[in-house]
Amino acid sequence: MNLRSIPLSAWIGMAGIAFALICALFAPLIAPYGEAQIVGSVWEPAGGTFLLGTDNLGRDLFSRLIFGARTTIFVALAATVLSFSLGMLLSFTAAVTGGLIDQTFSRFNDLMMAIPTLIFALVVLAVLPQQLWILILVMAVLDSTRVYRIGRAVALDVAVMEFVEAARLRGEGTGWIIFREILPNTLSPLLAEFGLRFAFSILFLSTLSFLGLGIQPPAADWGGMVKDNKDGIIFGISAALIPGGAIAGLAICVNLVVDWLMKRTSSLKGGRGDG
Amino acid sequence: MADLLSVRDLKIEATSYPPGERPRTVTLVEGVSFDVEKGKVLGLIGESGAGKSTIGLTALAYGRGGVRITGGEVRLNGEDLLKLSPGGIRKVRGAKVCYVAQSAAAAFNPAHRLGEQVIEAALRHGVMTRAEAEERALYLFRVLGLPNPETFGQRYPHQVSGGQLQRAMTAMALCPNPELIVFDEPTTALDVTTQIDVLAAIKHAIEETGTAAIYITHDLAVVAQITDDILVLRHGKMVEYGSVQQIIEAPQAEYTRALVNVRGTRSEEAVDQSDTLLQVENITANYSNGFTVLHDVSLHLPKGQTLAIVGESGSGKSTLARVITGLLPPREGTISFDGKPLPKALKKRSNDELRRIQMIYQMADTAMNPRQTVREIIGRPLTFYYGLRGKEKSARVNELLDQIEMGGQFADRYPAELSGGQKQRVAIARALAARPELILCDEPTSALDPLVAEGILKLLLKLQEETHVSYMFITHDIAIVRAIADSVAVMHRGRVVRFGPKSKALSPPFDDYTDLLLKSVPEMEIGWLERVLKTRRMESAGN
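Going down the list, the protein sequences come from chains F and P.
In terms of this note's numbering, the first sequence has 198 at position 198, counting the first letter as 1, and numbering is strictly consecutive.
In terms of this note's numbering, the second sequence has 141 at position 141, counting the first letter as 1, and numbering is strictly consecutive.
Mixed in with the good hints there might be a few duds.
Said to hold, decoys possible - The following label-pair restraints were derived from C-beta to C-beta distances: (1) Asn351/P <-> Met14/F: 39 to 47 Å; (2) Pro7/F <-> Ser267/P: 49 to 57 Å; (3) Pro86/P <-> Leu21/F: 52 to 60 Å; (4) Pro7/F <-> Thr373/P: 21 to 29 Å.
Unchecked claim - Partial chain P-side listing against chain F, Cβ under 8 Å, derived: (5) Thr325; (6) Met363; (7) Thr366; (8) Met368; (9) Arg371.
Think of the hints as simulated: they come from the structure by calculation, not from any bench.
Positions of the beta carbon are idealized from the N, C-alpha and C atoms, including for glycine.
From just these sequences and the hints, can you work out the full model?
Here's what the structure looks like:
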């Protein structure tokens, strides 16, 4: 891989992600105040003592943004990675084996998708103990139904190609066919989906936080911070827009990198490089 | 000026966008000049990428997909088409110059009746009234020998066969009474037995209506039947331009000579055909929907020899290969390999049984994983069957690359970075890597240009001599059978209608189908078409 061949947009995306990751990793060192520490009065303006002002309880917004990066990125990323692993494994197995296994998986997936995601999540999270790993798992399982759909569709297209038949004729096992023959040829659409799903995960997490079933206060997460400060908008206070901007910025950065990766992998096929 | 179309010093360029590089301008065609007289037919011939279609389309002043005509002139009746306004060109296209595409199935709108589409251009250009146009369409359907010409126009495109659709498209082009028609490989996608009928129909219609034509094809034998002049192209440049007589009988350029002699290869068949490797007995197979594709097929293949399976599409020849590989377990019958019965289903076969039968596909593009390098593609069977790794594997990959006459510098390329012929060679190397005893070749040369295809055939013969591998070679081309086979099986509608050593199978007395098949293969001879049409006994079925 040649560093020079990486376009500017991808550099911007990578810089943004790196920035967010550094914030997340070294949060206690960077943040001027504590995560839940009340340091001033309610909704102080930006500038002055507090770089980005304070929130609805008088906590430093900048510090909370930095700590929030931790939970938000970790939970969203873990949920997305998990949902992709699960969804792709199941969908590829279904596409390669076909028959009864395909039918069982697909109909079960339809069943899961028939229940509205948010309601399903509310019911499950209300019943289960409120722990971070359970939250991640529930988000991953719910999201994996979407991944399953797209994964099965792209894998079916590839599974009927002659090189897969050639691999079968060679006597290769299902594992080889899935990971060596099909997966590399379905990476482009799946990577694009990954970028999109990651952004959705952040939003879903903030929805859950808003309803009180996501990240529990006083821990900060970007979606929860939007919720906490939303009332300020009425009074012309922009505190809610700052974490919102962070979510948008991160989603854009992830997608810039994904776009570049997609271009790189699709050009191998001799396909349209600019697609 | 007697010439209808006169093209002078044509230059065509396009912009290519190589991944990861700056866009650059490529010259597709340069310095091409030719003339078409009224009522005459010019053949454009060359391999893929030679610029035949691009040149043909300039007669309509059209550049496909970002192609630009940047130099020269194209005069129709003395008027330079390249200088016309878009409105002026529109008056020419579809009225004075018409186009017949290779794939009629893709060129017709499936939602409208054929008759409407045939007369559409004539009405749109105001050349004739609806009644006149319908009358002319009826006349053309008759001239083109379409069944039930009175009601043919009432049908939808999916209700007629491929050959009929191609003729309907010819009718569509002829309907506005154009001065020139551009035929872009009109018979290439058809079966041999259908091709001859369409060819005859087109020829008859051109003669009857007195229209001039440009006929584009890669098959010199086809073009020899239908045209007056031939222009041979290669890499966008003129190689040779002359009358049919001169090109076929006294070609000047070396490239043309190679094209004329391309079907000349003949191999002697093996005398001793007793040592059987593959024995197929009474195979009957059907698809999961119950449709029976193979009826009671029996044949055998001796060790180290080549069995050619000939037939048109739908005759079940590829299905037979699938049955032998185990992808489609037969309903009845047995397959034995080297004296032992072979399990019917793929899953029941051992790796060694799989190793001994390898397969080469028609489309090398789709038969190789685009994400693997040549080294990975060839190396996998070595690891899988023989457990080779590291240096040993690398050495064997290089050895195989040498065997297919490509060399080690190709090892780290991806399939997209190879030409069509090279891809097929890599596919052969992958099959050879398993050291098989039988290779099933499913039309491995039919997607390739004639000279490249000949190279592949020679390679296969050379490899057979070196490794004593047997081939079951599926093809629709009798010329290939003559070139490489020891024994021949002719298939028609799922049955083997003829089976035996080549010398016996391809000499009279013939059954009706074999007669038709043999007489449908165009020969490099002027007047062949007329001769054959007079002498054949059976009409091709699905024309």
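Q.
Assuming the hint says 52 to 60 Å, is it satisfied by the Cβ distance from proline 86/P to leucine 21/F or not?
A. Taking Cβ atoms as reference, proline 86/P and leucine 21/F lie about 55 Å apart, which means the hint holds.
(Q) Holds or violated: the hint that threonine 366/P contacts chain F, with Cβ atoms closer than 8 Å. (A) Check passed: Cβ of threonine 366/P comes within 5 Å of chain F, closer than 8 Å.
**Q.** Hint check: 8 Å Cβ-Cβ cutoff, methionine 363/P to chain F
**A.** holds (7 Å)
(Q) Is 49 to 57 Å respected by the C-beta to C-beta distance linking proline 7/F and serine 267/P? (A) Since proline 7/F and serine 267/P have Cβ atoms about 55 Å apart, the given range 49 to 57 Å holds.
Q: Identify whether the interface hint at arginine 371/P stands, where standing means a beta carbon of chain F within less than 8 Å of its own.
A: At 4 Å from the nearest chain F Cβ, arginine 371/P passes the 8 Å test, so the hint holds.
**Q.** chain F contact restraint for threonine 325/P - C-beta distance below 8 Å
**A.** holds (6 Å)
Q: Take the C-beta atom of proline 7/F and the C-beta atom of threonine 373/P, compute their distance, and say whether it sits inside 21 to 29 Å.
A: holds (25 Å)
Q. Per the CB criterion, is methionine 368/P less than 8 Å away from chain F?
A. holds (5 Å)
Q. If you check the beta carbons of asparagine 351/P and methionine 14/F, does the distance land in 39 to 47 Å?
A. holds (45 Å)
Of the numbered hints listed earlier, not one is contradicted by the structure.
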